[in-house]
Amino acid sequence: MPTRRPAAMLWLAAGLVVIVGGTAGLLLTRHPTEPVRPAAGVAAFPAPTGPIVAPPPPADPRPVPRPVSLTIPLIGVRTQLITLGLTVGGALQVPSSTAVAGWYTGSPEPGAIGSAIIVGHIDSLTGPGVFYRLPELRPGDRVYVKRADGTMVEFRVTSVQTYPKDRFPTQAVYGPTPDPELRLITCGGAFDYATGHYLSNIVVYATEVS
Amino acid sequence: MKLARIIRRLLMLLAASALLLGLPAAATAFASSATTGTGWIRLAHLSPNTPAVDVYLYSAGNSNAQIVLHHVAYGTVSPYEPVTAGDYSVAMRATGASPTSAPVLSTSVTIVAGHAYTVAGMGPESGLRLQVLEDTLVTPAGQALARVIQASLKHQTVTVTLGSTVLASNLSFASVSPYQAVLPGTDTVTVTTSSTSVHSSVTLAAGTVHTLVVLDGANGLEVVSLEDASGSGKPPTGGVTTGFGGTAPRGPGSPVPWLAAIGAGALLALTGGLRLRRSGLRPRRQLRTRI
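Quick mapping for you: the protein sequence lines, in order, are chains Y and R.
All the letters of the first sequence, read from the start, carry residue numbers 709 to 918 under this note's numbering.
All the letters of the second sequence, read from the start, carry residue numbers 10 to 300 under this note's numbering.
Hints were generated in silico from the structure; no laboratory data involved.
None of these values were measured; they are calculated from a predicted model.
Among the hints, a few may not be true.
Stated by the list, open to error - The calculated label-pair distances, taken between Cβ atoms and stated as ranges, are:
{"id": "1", "chain 1": "R", "residue 1": "276", "chain 2": "Y", "residue 2": "875", "range": "34 to 40 Å"}
{"id": "2", "chain 1": "R", "residue 1": "272", "chain 2": "Y", "residue 2": "901", "range": "16 to 22 Å"}
{"id": "3", "chain 1": "R", "residue 1": "276", "chain 2": "Y", "residue 2": "805", "range": "46 to 52 Å"}
{"id": "4", "chain 1": "Y", "residue 1": "903", "chain 2": "R", "residue 2": "79", "range": "55 to 61 Å"}
{"id": "5", "chain 1": "R", "residue 1": "80", "chain 2": "Y", "residue 2": "859", "range": "25 to 31 Å"}
{"id": "6", "chain 1": "Y", "residue 1": "848", "chain 2": "R", "residue 2": "119", "range": "22 to 28 Å"}
{"id": "7", "chain 1": "R", "residue 1": "173", "chain 2": "Y", "residue 2": "758", "range": "41 to 47 Å"}
{"id": "8", "chain 1": "Y", "residue 1": "859", "chain 2": "R", "residue 2": "95", "range": "32 to 38 Å"}
To be verified - Some, not all, of what chain Y presents toward chain R, calculated at C-beta under 10 Å:
{"id": "9", "residue": "730"}
{"id": "10", "residue": "773"}
{"id": "11", "residue": "834"}
Backbone N, C-alpha and C define an ideal beta-carbon position, used for all residues, glycine too.
So here's chain Y without its partners, still in its complex pose (with noise of 0.2 Å):
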């Protein structure tokens, strides 16, 4: 049957164009992106100024006014700080506004004992949200919050973390601490356009400086 020949060869090109391509597109769409870290100690902006104080004493401890704003000299973050409380679901509530961070009001406030919660997005539907960059932060760096009544409270950065959203150490990040601590939450890792949703989430660990 020598006239099915072309047909049939036509059908062993196609598939390895198809094979070509597939591959092709798997490889090319599947690279991991690392975010670029600018050369060290270089701040967007100053550090702000206030006066700094003091963690809380164990005993009695007093009512600690509520946190107002964020700033992250080293990665460009200065923003507002809202409050959130969590959805009727029990899950944590986000700022409507992808650019500006939130508190959660079920956390100690930051700079009493404890650890505090503070979210921001990572990105909107077309671009950077308030902690795009937060990946970027190392252990040392220095993130200031300032509080209701002018007061400011420095801390540290020790640790960043990556966890996948379904396994999620509630206990790690929520759980008590016994000093003034913060955790800076965002989203990371793979994004699912079926869903619409980042796979992970980021967690900056950071401790007050005493």
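Here the structure of chain Y is known, so what remains is to put chain R in place on it, guided by the hints.
Chain R alone, transformed into the frame defined by chain Y:
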């Protein structure tokens, strides 16, 4: 034979693609730990008739003190200090004594990462000892934890209640009750001894850990509420949804469409190849044996 070689190559290509897909999947299945290798320690003076002391914390094998607290008087509890996990020693010297003089008292403590400890001078001056207490950092969901340190020498035993909950019953001098889960809120602490009873009010928020210290005050018994640790009373469930993908790398996040394309291509090529074989010069049987 040429075709058989092509098919074999196709199969190898498929296997290689599968490997390429498997690698990133394995790389994202890592387990991260928040452990930064630090624990916490705080130092306390809870011996009623012992004068103020200087307290030193040394890392094992280092004669330079890491922390020095001067003039620590009865009833003082320092804030927690984060320290690298490892072996330490705590020494007490009389206030103003030379740092190189022999300490009045010393003890060793092993600090495990993620754990908190209180090292307290306890007992009467004649029998003063440094006691290492392990402090809890985990609370039951929606509850608070409280324990009692009995540091009153004037009253040998005390019974401490919080509301209707008995935190410690007939707790003797220089001893510590275990942590107990309590409902969060503001409640009355009552300390009862053989001769007296005192009341005070404490607020214990959900997700917090407290130590109530019973002290000999200038005007009788005093209760000091120490906040050992605090977290989110209502921990949010799951992860946090803080991204819309505007800066995510473009293209499908899932490799499945590409895999499907490769598979379909292989099928197509295989079918084409087989048809070519059938319409070609060699008998079918030979092809089968080659595959």
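Within 16 to 22 Å or not, the Cβ separation of residue 272 of chain R and residue 901 of chain Y?
21 Å, holds
Please test the hint of 34 to 40 Å on the beta carbon pair from residue 276 of chain R and residue 875 of chain Y.
37 Å, holds
Holds or violated: the 41 to 47 Å window for the beta-carbon distance between residue 173 of chain R and residue 758 of chain Y?
46 Å, holds
For the range 22 to 28 Å, tell me whether the beta carbons of residue 848 of chain Y and residue 119 of chain R fit it or not.
At 26 Å between Cβs, range holds.
Against chain R, is residue 730 of chain Y within 10 Å by beta-carbon distance?
3 Å, holds
For residue 903 of chain Y and residue 79 of chain R, compare the CB-CB distance with the range 55 to 61 Å and indicate the outcome.
Given about 58 Å between the Cβ atoms, the range holds.
How about residue 834 of chain Y: closest beta carbon in chain R under 10 Å, or not?
5 Å, holds
For residue 80 of chain R and residue 859 of chain Y, compare the CB-CB distance with the range 25 to 31 Å and indicate the outcome.
27 Å, holds
Regarding the hint that residue 773 of chain Y lies at the interface with chain R, is the smallest CB-CB distance below 10 Å?
Hint on residue 773 of chain Y: violated, closest Cβ of chain R at ~16 Å, above 10 Å.
Given the hint of 46 to 52 Å, check if residue 276 of chain R and residue 805 of chain Y actually sit that far apart at their C-beta atoms.
Given about 49 Å between the Cβ atoms, the range holds.
Is the gap between the beta carbons of residue 859 of chain Y and residue 95 of chain R within 32 to 38 Å?
For residue 859 of chain Y and residue 95 of chain R the Cβ distance comes to about 34 Å; the hint holds.
The structure does not agree with numbered hint 10 stated previously, though it agrees with all others.
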